[in-house]
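Student: Can you build the whole structure from these sequences, using the hints too?
There are 2 protein chains.
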Amino acid sequence: MGLDDRKKQVLQAIVDDYVSTYEPVGSKALIERHNFTVSSATLRNEMAELEKLGLIEKPHTSAGRIPSDKGYREYVDSLMHPDILSREEQDEISERITDSVHEVTDLLHNATNALSEKTGFVSLAMSPRLHGSFLTQLKMLMIEPGKALVVVVLSAGVVKDKVVRIPNFLTNEQIMQISNAVEKNLYGKPLDEITLITLASSVKESEIPETLMNQVIYEAYVAIKQADKLDVYLEGEHRMLSLPDFSELGRARDLLGTLSHDGMVAGYVNEIEKSAEGQIRSDDSYMIRIGQEIALEGLEDCSFITTTYNIGDTLSGNIGVIGPKRMDYSKVISQVNFVRKKLNDEIRRLIE
Amino acid sequence: MGLDDRKKQVLQAIVDDYVSTYEPVGSKALIERHNFTVSSATLRNEMAELEKLGLIEKPHTSAGRIPSDKGYREYVDSLMHPDILSREEQDEISERITDSVHEVTDLLHNATNALSEKTGFVSLAMSPRLHGSFLTQLKMLMIEPGKALVVVVLSAGVVKDKVVRIPNFLTNEQIMQISNAVEKNLYGKPLDEITLITLASSVKESEIPETLMNQVIYEAYVAIKQADKLDVYLEGEHRMLSLPDFSELGRARDLLGTLSHDGMVAGYVNEIEKSAEGQIRSDDSYMIRIGQEIALEGLEDCSFITTTYNIGDTLSGNIGVIGPKRMDYSKVISQVNFVRKKLNDEIRRLIE
DNA sequence: ATTTAGCACTCTTCGTCATCGAGTGCCAAA
DNA sequence: TTTGGCACTCGATGACGAAGAGTGCTAAAT
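Protein chains in written order, with the numbering used here: chain V, 1 to 352; chain R, 1 to 352.
If you're looking for bench data, these hints aren't it; they were derived computationally from the structure. Check the hints yourself; a few may be wrong.
If several chains are the same, the list does not tell them apart, and a pair holds so long as it fits within one copy or across any two.
Think about it this way: if two alpha-carbon atoms lie no more than 25 Å apart in a straight line, the pair counts; the simulated SDA-like pairs of lysine to any residue are [what the hints assert, rightly or not]:
1. K189 / P145
2. K184 / G132
3. K184 / R6
4. K162 / E95
5. K189 / Q174
6. K147 / K184
7. K160 / I66
8. K147 / S127
9. K162 / Y221
10. K229 / S127
11. K189 / P244
12. K160 / H109
13. K147 / E271
14. K341 / H109
15. K229 / L350
16. K8 / I84
17. K147 / R349
18. K28 / D4
19. K189 / D231
Everything numeric in this text was worked out from a predicted model, so none of it was measured.
Tutor: Have a look at this one:
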């Protein structure tokens, strides 16, 4: 976008002011808060042109200007100067993330908590996408007659399990036999290539009657498939109610309604991350969606800032923030990035 | 409470009207909607007395009356006539509860979902309290060097597990040895009697060096203790925003803030259920807390209706609704009770 | 060709004020 | 004990005007 320097300055000032005051900003206020060397009349002219370009708009004739989605986009893409987290804030976040951690899920939990509290917005995290990983172990453990625990271990050390029902009179040995056979035949197989068919054929030459076997195999199949599902952590929904952006009850209701719609947000984030899969990713790359760019009802006044964390070399998931589009982007971005970095470090420490 | 018949009628009429209209009800409105055989002036006198008894109150001098907490209490305890769920509603709820269930947690999930949607309020469920149950199996499963899965099986067939870190060079056999020793010594021991000490002494005469052993034992201990923690399902928070009772943003914020405070609601429900443990319970007993009876900030205008579901003979948990105290109690009670009944049936089917 | 001062105009916000109406309490009569 | 009547209270509603912030436009200045 070919904006001359002064226009850039003006747009930047408008966004900055609007974000911090939540009031439409007029030419006079602009002069007062920033040291422009020109008069308010000149700024008015500039603002009129920015409006013609679709970067700012006015709520009504006699109000100041507010950034449009396009204006925020321009700001984010080329105007904003990166923020540096204070030492104290870094320490606080670190502390919260590393507090009483036993598993990766604890880390994700802590990270979303910290992120939501620090930003004051909603934060979300998604468990790693497992479709690319493969099976390394499959154990079945007899719990009691008729009941067994299927433990699925995937590459990168991810463990998932599930209690399943099995025919009552199967013995411990038979169960072990089955799971050993399955494991031997399916070792190293990508999760998405495991089907009921491959599973069944892996235990063909067993002396256990086929109908029984089928029941066990089906349950194991469900357990394996279930390992693939995405877990989502959403945190801090109530914080949105404190924002002036959602002081209208109707907006707040729509927003929380959509957020609480199970899988809706996760599905969307998954979508946009997948669509960006090919892109080159620098070390601290993040993804931003602003306002109408988000195709979810009730989130028209929100922005997404998401980034990717890694588990080992092959697995990755997302973590990020959903806030009002009127947010301090540089600050939130640096927070998200710091959390991502810390999260990656801690995951590495935990699994290595 | 020694109320004469007419006072009872009046109080009942006031609660009914207020619940359905959300408007303070005056003497005239009362005459119009109900066939009282007396004049509005007489009702005014009655209402003045009910107010003196603390059962109703007026928001301001010239408004109608609304029930006080005490009034709701009286209504719930002796005035309300039970509601019967329509066949359709029963079917709908049943269908939702039994939809794609693999485990008890699925049932709880479905049940809270159904309850929240049907009532339009928040619903909650808590996993069963396990403090009384005992250990029946403890298995450790090698995942990879340095990493094992501890599987804890409790009476009533509850399975909990957790990935733990162990010293790198421990072999599969050694792990098996340890877990066998623990299991043998601790079989049948109530969960709350298992301490680090009892755990350690159960593997005293092993040839594995003590410091190593201690590490493993500690991890196992954490895994066992973690099995005891309560899971909570809260569902439908956003629905509260649609209620006129929370059209004030401040109230809504306080409410959702408290609800999202992890463990706060669960702790409270646990508390009140424990305090009622001695009481005789009829088959469809429920517990009601109204307004100020609830000692949680932001829930002054809410009521709890909770009940107990059972898993087997020994385990029980709670499920219920958090709604505005201005609710149709008889309807919600019957919904909660139906869900409880259905839930119990399905749990029985699932685990037997 | 830009920039600026000035001015008329627009539109929201806020406080005031009067009115309306639902509801009450109380008194005196039935 | 019940009822009709009446004065009174108080919130809700809407009209009205003043204040204030901001705009666009024009004409003069640089």
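Student: The structure should be examined with respect to each hint, and the outcome stated for every one.
Tutor: Against the structure, the hints come out as follows:
no.: 1; hint: K189 / P145; result: between (30 Å within a copy, 21 Å between copies)
no.: 2; hint: K184 / G132; result: within (20 Å within a copy, 40 Å between copies)
no.: 3; hint: K184 / R6; result: neither (68 Å within a copy, 79 Å between copies)
no.: 4; hint: K162 / E95; result: between (33 Å within a copy, 23 Å between copies)
no.: 5; hint: K189 / Q174; result: within (23 Å within a copy, 29 Å between copies)
no.: 6; hint: K147 / K184; result: both (23 Å within a copy, 21 Å between copies)
no.: 7; hint: K160 / I66; result: neither (49 Å within a copy, 53 Å between copies)
no.: 8; hint: K147 / S127; result: between (28 Å within a copy, 20 Å between copies)
no.: 9; hint: K162 / Y221; result: both (11 Å within a copy, 22 Å between copies)
no.: 10; hint: K229 / S127; result: both (9 Å within a copy, 22 Å between copies)
no.: 11; hint: K189 / P244; result: neither (51 Å within a copy, 55 Å between copies)
no.: 12; hint: K160 / H109; result: both (18 Å within a copy, 19 Å between copies)
no.: 13; hint: K147 / E271; result: neither (37 Å within a copy, 33 Å between copies)
no.: 14; hint: K341 / H109; result: within (15 Å within a copy, 34 Å between copies)
no.: 15; hint: K229 / L350; result: both (22 Å within a copy, 23 Å between copies)
no.: 16; hint: K8 / I84; result: within (22 Å within a copy, 67 Å between copies)
no.: 17; hint: K147 / R349; result: between (36 Å within a copy, 13 Å between copies)
no.: 18; hint: K28 / D4; result: within (21 Å within a copy, 71 Å between copies)
no.: 19; hint: K189 / D231; result: within (23 Å within a copy, 34 Å between copies)
Hint check: violations occur at hints 3, 7, 11 and 13; the rest are consistent with the structure.
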